[in-house]
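Chains A and B, in that order, are what the protein sequence lines are.
Just so you know, we're using the numbering used here here: the first sequence kicks off at 167 and counts up by one.
Just so you know, we're using the numbering used here here: the second sequence kicks off at 167 and counts up by one.
None of these hints come from the bench; they were simulated from the model.
You may find that some hints are simply not true.
No copy labels: a pair is met if it fits in one copy or bridges any two.
[Unchecked claim] Simulated crosslink set (EDC-like; lysine to aspartate or glutamate; CA at most 20 Å straight-line): (1) LYS325 <-> ASP248; (2) LYS179 <-> GLU194; (3) LYS179 <-> GLU209; (4) LYS325 <-> ASP404; (5) LYS395 <-> GLU379; (6) LYS179 <-> GLU205; (7) LYS280 <-> GLU389; (8) LYS395 <-> ASP353; (9) LYS395 <-> ASP248; (10) LYS395 <-> GLU274; (11) LYS325 <-> GLU376; (12) LYS395 <-> GLU194; (13) LYS179 <-> GLU231; (14) LYS325 <-> GLU274; (15) LYS280 <-> GLU356; (16) LYS325 <-> ASP250; (17) LYS187 <-> GLU356; (18) LYS325 <-> GLU359; (19) LYS179 <-> GLU233; (20) LYS325 <-> GLU314; (21) LYS179 <-> ASP248; (22) LYS179 <-> GLU376.
Number of protein chains: 2
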Amino acid sequence: MIDHAPPIQPLPKVRQGQQLKALLRLRELLLSGEVAPGERVAEIPLAARLAVSRTPLRLALVTLEHEGLLAMLPGGGFVVRDFDPADIADAIELRGVLEGTAARLAAERLTSPKALAPLLASVEVMEPLVRIAHPGLVDFEAYVAANETFHARLLDLAKSPMLRRAMEQAMALPFASPSSFVLTQADRPESREILFLAQAQHRAILQAIERREGARAEALAREHAQLAKQNLQLALGDTELLATVPGGALIRRDSPVGKRRHAS
Amino acid sequence: MIDHAPPIQPLPKVRQGQQLKALLRLRELLLSGEVAPGERVAEIPLAARLAVSRTPLRLALVTLEHEGLLAMLPGGGFVVRDFDPADIADAIELRGVLEGTAARLAAERLTSPKALAPLLASVEVMEPLVRIAHPGLVDFEAYVAANETFHARLLDLAKSPMLRRAMEQAMALPFASPSSFVLTQADRPESREILFLAQAQHRAILQAIERREGARAEALAREHAQLAKQNLQLALGDTELLATVPGGALIRRDSPVGKRRHAS
DNA sequence: CGCAGGATTGTTGTATGCAATTTTGCCAAA
DNA sequence: TTTGGCAAAATTGCATACAACAATCCTGCG
C-alpha cells in the first residue's frame, strides 16, 4: 500500500522557535482584527505582547509582508493592510485561474486512472453531506475539511511545484482560500442547494480530468471559484456574516454607516 | 484635521540601507552562480563578503526564500535552490496563465480607448525593430526594453493589485521574466522571424483588448508565452547559450549531453 | 581494528545596546 | 490663526555579544 505521490522536494518551509511563535500569534492578531488595519505596527510593544524579542519578531514581520498582510512604510516599519471588496473579488478570481490551471495540468499529466483515487475519495466523502434529500442540517465542518482535501489533491495532481508556490502565495490571504466563504451560508435555507451545485462541479472536474479534457477541467474549476465570489457578495451586505469569515476584519467596506478609523 | 484619505495604496516595497545592499548583492551572487545551487549559505562569511552584518543579511535571506531562490534547511539555515527544466517550463507556463489573465481583465475593464495609449506606444517602438525587411542586426537591447514595457503596461491595464502581486512573485524567478530568453536567439539567423512573430502577437493582443475580446486576448497572451518555452528548449541544448540567460546558473541539467526529461 | 561516547568546534537563533532617522510637539514670528 | 523651524522623543535599523544546537573529530574502550 503506497501513500500517493510524495512531494518531490521536501522543503521544510517551517520556522521554529521564537520566530514561529511570533509569526503564528501575530498572524492570529491580524486576522482577528485585534491589531487593526491601517494601524502602524510598533515593534517594541508588540514584542512585549507576543513574549518574544524584537529580532525574531522582525523576521516574522518580513514574512507577513510577503504574505500580503502587512505593508512597508516609506519611513520604515509596517502597517496592517486592508482590502476592499474589489481586492477580495480579484483574489478569488486569481485563485480560480490558478485552480483552473491545476485542473488542466492534472488532466494533461494524468498517467493512470489510479492516480485519481485520492481526489475521488474526497468527492465521495462530500457526496452524502450535500444530498438535498439528506435529512437534518448540513455538517459544515466535515464538508469544509473534505473540500479543502479536494483542492489539495487537485493541486497534487498538477505535479507542478511552481504552481503550488503560486497557489500558496495566493491563498495566504485567508479569504481567498477555497472554503473561506462556505461557512457564511451555514444558516441560509438555500445552503444545501448551493453546496449541491458545488459538489456537482467537483464531480464534473473529476470527470474531465479522468477523460483528459484539459480545457473543460480548467473552465469548470474557474466557474467553481465564481461560487465563492457570489458568496462574497452576499457576505458584503451583512456585517455580522462578514465577521465570521477568516480575514473578515481586514475587509474594508466603503463607509456603510460612517467611516471609522481608530488607532488601537 | 482628520481629512484622511483611506488608501494605503502606494506600497513602497523597497528596502533601504544595509538590507537593500545585502539583498541586491546576494541576489546577484545567486543569479550569477558565484554562490552555487545546492550550496549551504553560511551567514558569517557571507556577511563579511557582502560587507553587512548578520542582522540585515538575515532579513535578506528571508526575502530571497520567499522569492524562491533559497530554501530553508531542516536544521536551520538556507540552501541555494536549483531548478530542473520542468520547473522552468512550468514557471513560463504560469507566467503565460497570469499574463493571459491580465490581458483578459484588461479587455473586460477597459474604460476608454485612450487608456490603450501606453500599450500602443510600446508596440510601435518595437515595430521597426523587428521588420524583416529592416537592414542590419536587430537592436536587441532596445527590443528587450520595449518588450518589458509592453508587459508592464499590460499589467497596468488589468487594474488588479492582486494579480500584480502574483505576477511579481512569479517573475521573481528571473528565467520566468518576459524577456529572459529573448537574448538566447541574438545570434541565430531566424531571430528576426521569431521576433516578428512575437510582435504579431503583441499587435493581436492589443487589438483584442481594444475590441474587448477578453477570451481571445487571454488565449493570445498564453500562446505568446509559449514562444519563451520554445526558446527554452533551444537553450537547454546549448550550454553556452544557457549561461547567458539571467538565472542560467540555477538551471540543473540532469546530464551534460542532451538528456531531456519530458515533464509529462 | 572498530565502534561508541564525549568533547570541541562551528553555525544558527536570540537578545540587547547603540546610532540614525523619522516623527512629534512646541514656540515664535508673520 | 497659521506657518515655519527647531528641539526632543520615540522608533526603526544595525551591530555585536551570548546561548543553544548540530555536526565533527578525537579518544578511549571493547
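A quick look at each hint next to the structure:
Proximity of LYS325 to ASP248 under the C-alpha cut-off of 20 Å is restricted to the inter-copy arrangement: shortest distance 17 Å between copies versus 33 Å within a copy. When the C-alpha separation of LYS179 and GLU194 is checked against a cutoff of 20 Å, the pair qualifies only within one copy, where the shortest distance is 19 Å, while the shortest distance between copies is 23 Å. In this assembly of identical chains, LYS179 and GLU209 lie within 20 Å of each other by CA distance solely across copies; the values are 19 Å between and 24 Å within a copy. For the identical chains of this complex, LYS325 and ASP404 are neighbours neither inside a copy (39 Å) nor across copies (27 Å), given an alpha-carbon limit of 20 Å.
Taking the shortest alpha-carbon separations for LYS395 and GLU379, neither the intra-copy value of 25 Å nor the inter-copy value of 22 Å comes in at or below 20 Å. Proximity of LYS179 to GLU205 under the C-alpha cut-off of 20 Å is restricted to the inter-copy arrangement: shortest distance 18 Å between copies versus 28 Å within a copy. When the C-alpha separation of LYS280 and GLU389 is checked against a cutoff of 20 Å, the pair qualifies neither within a copy, at 26 Å, nor between copies, at 32 Å. Proximity of LYS395 to ASP353 under the C-alpha cut-off of 20 Å is restricted to the intra-copy arrangement: shortest distance 18 Å within a copy versus 49 Å between copies.
Proximity of LYS395 to ASP248 under the C-alpha cut-off of 20 Å is restricted to the intra-copy arrangement: shortest distance 18 Å within a copy versus 37 Å between copies. Only between protomers do LYS395 and GLU274 lie at most 20 Å apart by alpha-carbon distance; the minimum there is 17 Å, versus 27 Å within a single protomer. In this assembly of identical chains, the alpha carbons of LYS325 and GLU376 lie at most 20 Å apart only when taken from the same copy (15 Å versus 36 Å across copies). In this assembly of identical chains, LYS395 and GLU194 lie within 20 Å of each other by CA distance neither inside one copy nor across copies; the values are 24 Å within and 41 Å between.
In this homomeric assembly, LYS179 and GLU231 come within 20 Å of each other (Cα to Cα) both inside a single copy, at 16 Å, and across copies, at 9 Å. Proximity of LYS325 to GLU274 under the C-alpha cut-off of 20 Å is restricted to the intra-copy arrangement: shortest distance 10 Å within a copy versus 31 Å between copies. In the homo-oligomer, the alpha carbons of LYS280 and GLU356 never lie at most 20 Å apart, since the shortest distance is 35 Å inside one protomer and 45 Å across protomers. Only between protomers do LYS325 and ASP250 lie at most 20 Å apart by alpha-carbon distance; the minimum there is 13 Å, versus 33 Å within a single protomer.
Neither within a single protomer nor between protomers do LYS187 and GLU356 lie at most 20 Å apart by alpha-carbon distance, with minima of 40 Å and 56 Å respectively. For the homomeric pair LYS325 and GLU359, neither the shortest alpha-carbon distance inside one copy (33 Å) nor that between copies (34 Å) is at most 20 Å. Taking the closest pair of Cα atoms, LYS179 and GLU233 come within 20 Å of each other both inside a single copy (13 Å) and across two copies (13 Å). Proximity of LYS325 and GLU314 under a CA criterion of 20 Å is satisfied intra-copy only: 18 Å inside one chain copy versus 30 Å between copies.
Only between protomers do LYS179 and ASP248 lie at most 20 Å apart by alpha-carbon distance; the minimum there is 16 Å, versus 26 Å within a single protomer. Taking the shortest Cα distances, LYS179 and GLU376 never come within 20 Å of each other, neither inside one copy (32 Å) nor across copies (43 Å).
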